[in-house]
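S.K.: Letter by letter, the chains look like this.
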Amino acid sequence: MDESTVRETLRSFIIRDLIRDPDYLLTDTEGIITGRLMDSFALAELGVFVEKEFDVYIPDPDLTVLKMNTLDQIVARVMTG
Amino acid sequence: MLGVETRGNYNTLLDAVALKAGDGHPAIIFRETAQPPIVVTRHQFRQRVHAYCVALKTVGICPRDLVVIAHTQNLESIYLFWAVMMAGAIPSMFPTLTEKLDPAVYMSSMAELTRLSDVAAVLTTDEFAPALRNHLPCVVFGTAELFANETTVGPTEFPVIQADPADIAFLQHSSGTTGLQKGVALSHSSVLNQISAYSDTILLRPNDVIASWLPLYHDMGLIAGFLLPLVQGIPLVLMSPFDWVTHPALLLQAIHDHEATLCWLPNFAYNHCARRIRRRDSEGLSLATMRLFVNCSEPVHHESHQQFLERFAQNGVRNKMLGVSYAMAENTFAVTQTSPGRPASLDFISNESLTARGYAQPLESGDPASVVKVSCGSAIPGTEVKIVNSAGREMEDRTVGEIVIRSNCLLSGYFKRPDLQPIDSFGWYHTGDIGYMVDDQLYVIGRQKDLIISAGKNIYPADIEAIVNTIKGVHAGRAVAFGVDDEREGTELIAVVAEVSTTDDDEKRSIAREIRQEIARQSMVNVSYVHLVGPRWLLKTSSGKITRNANKEKWLQESHRTG
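From first to last, the protein sequence lines stand for chains A and B.
Going by my numbering, the first sequence runs without a break in its numbering and finishes at 81.
Going by my numbering, the second sequence runs without a break in its numbering and finishes at 563.
Please keep in mind that the hints were generated in silico from the structure rather than gathered at the bench.
From the three backbone atoms N, C-alpha and C, an ideal C-beta is built for every residue, glycine too.
It is possible that some hints are incorrect.
Derived coverage of chain A by chain B (criterion: at least 3 residues anywhere in the stretch with Cβ under 8 Å from a Cβ of chain B; other residues may be distant) [as the list claims (entries may be wrong)]:
(1) 2–16
(2) 24–36
A few chain B positions that, by computed beta-carbon distances, are all more than 12 Å from chain A [as the list claims (entries may be wrong)]:
(3) Pro37
(4) Pro137
(5) Phe242
(6) Ala391
(7) Asp397
(8) Glu489
(9) Ile519
Modelling step: build the complete structure from the supplied sequences, incorporating the hints.
M.R.: Printed below as a string of structure tokens:
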């Protein structure tokens with residue numbers, strides 16, 4: 001899957017299932033957790049979604065606020081496989 | 001072990017086995033993601049508690065001082081809690097500042113609490129101490145400062161302050177606006193009565209092992225996931241709630257590695273584990289050693305148990321392991337508990353009868369008009385439970401009323417709040433919760449007061465509304481907050497409806513974003529739904545008051561939700 005498809009799939013998942021506001025205009029660089037848009041529960045949910053959707057397993061030490069706070073960070077991590 | 005029959009052998013919490021035994025058995029095993037376990041033996045535990053106690057005395061902590069421990073959940077906070085008690089002072093666990101909460105909001109609410117409760121000292125991390133010190137009217141110590149003038153004292157010459165069993169052992173602070181939090185004062189005697197009765201009820205035995213991620217500033221974490229194992233001398237496998245929330249498989253790994261047998265969880269945690277633990281993270285882990293998972297601290301959903309059971313049956317989870325307890329800080333912890341080794345009873349009742357007549361009319365389990373309620377079990381020894389109507393008269397089985405309790409483990413009072421008298425003249429504590437009884441089994445169905453319980457945390461809608469009312473663009477006084485049951489999450493989610501004048505979509509998005517951010521910044525909870533409406537959307541009562549229930553119903557209908 002190419003990067004732009006990954007990005008839009010993740011953006012859509014985050015605003016629909018994690019932020020729960022389909023009208024939200026999520027940018028690539030805003031802090032999703034530090035920006036208080038969603039809580040830390042969402043990181044675990046993100047891990048499950050990424051594995052199911054892209055067949056990429058992100059180990060627990062990488063599922064942190066520091067490493068997965070922006071769409072850019074999440075996309076980059078998914079693309080590394 | 002401490003049980004009802006051996007209760008006389010224990011005077012205060014300082015008779016805890018983990019403190020007295022001083023042997024090589026594990027007292028605490030601390031788990032952290034991607035780190036090896038840290039094992040603290042009873043001997044090491046005692047040594048550390050003694051060292052911290054000497055340090056506290058050296059810096060001037062005196063008997064009866066109130067000492068707040070505002071730490072991340074770590075071994076240090078645990079040693080400090082016991083050391084404060086050993087010094088004859090009164091500890092109270094508090095949450096620390098997280099990245100989500102605004103530091104200014106945290107500091108001002110801590111300052112308010114410190115002033116109102118006459119706190120003598122706050123103990124925190126070295127990193128956080130300088131910032132906190134600038135804002136609080138009491139002394140603040142980081143660990144390095146505590147040990148700046150360390151003196152070594154051998155165990156034989158260690159000066160133990162003998163507390164009276166009726167003395168306050170510690171405070172548990174309720175949720176809500178921090179400055180107005182009530183400190184639930186619990187005596188040594190009440191806590192030991194609770195631990196003895198509860199241990200008997202769950203058939204506690206020396207080879208039990210408790211696994212817990214629960215925060216220690218919450219009654220379930222503090223009593224079941226902290227004091228009970230240390231008093232009884234059984235191993236406690238502990239982790240940080242922040243670590244567990246993002247890595248829920250850590251709990252399963254801990255149960256597997258240490259052959260844990262007991263674990264307490266709020267309802268949402270069953271959904272969180274079932275939905276958010278990846279298959280490969282749970283593969284090969286055995287949960288078959290577990291005797292009891294106890295669902296506690298928020299309304300119990302049968303569906304959450306079913307999800308958990310289906311997801312982890314292959315790991316050895318069985319229906320008979322899924323217990324329930326009804327608990328509150330005012331009774332130290334448990335009021336009721338289901339029988340270990342047996343699944344919680346289910347009651348299929350008519351929802352129509354429940355809402356229209358306040359009567360839990362039983363129906364067949366397959367009846368489409370039925371709703372299922374999960375039993376919280378029966379009262380633990382030493383605690384009485386009854387259901388009363390508004391006139392205080394006891395109700396018959398299946399009639400809904402307020403749950404009131406009387407026991408030998410009730411609070412001594414609210415700390416420094418003589419204006420609040422929690423116990424009536426007959427010794428009953430009125431819980432504010434609504435429920436009914438069937439053959440001594442308690443079923444809890446709701447609350448009298450407006451209160452949202454989201455992921456085990458109590459949230460007052462008025463606190464949320466006060467924040468929303470300060471947002472530019474929102475009509476002041478024209479916002480409501482309420483909880484919405486969410487089956488997927490197994491808890492209540494928070495919804496806000498606010499009136500705004502603007503019809504510009506960009507401006508509305510900006511207001512909605514600010515509402516979410518401000519609520520998280522000031523109260524550390526996340527709002528799941530923000531609905532902005534035009535002027536005069538919100539319904540008011542005849543007296544002009546905005547009602548949460550009517551507006552919740554209107555929102556549910558407009559958004560085609562159930563809840």
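S.K.: Work down the list of hints and note, for each, if the structure agrees.
M.R.: Going down the list of hints, with the structure as the test:
1. 2–16: Coverage by chain B is violated here, the residue count being 0 at a Cβ distance below 8 Å.
2. 24–36: holds (count 6)
3. Pro37: Answer for B/Pro37: holds, closest chain A Cβ roughly 15 Å.
4. Pro137: The claim holds: B/Pro137 sits with its nearest Cβ about 29 Å from chain A, beyond 12 Å.
5. Phe242: violated, 7 Å
6. Ala391: Check passes; 43 Å lies beyond 12 Å.
7. Asp397: Holds: least Cβ distance 39 Å, greater than 12 Å.
8. Glu489: Nearest chain A Cβ is 8 Å from B/Glu489, so the label is violated.
9. Ile519: violated, 8 Å
Checked against the numbered hints above, the structure violates hints 1, 5, 8, 9; every other hint is satisfied.
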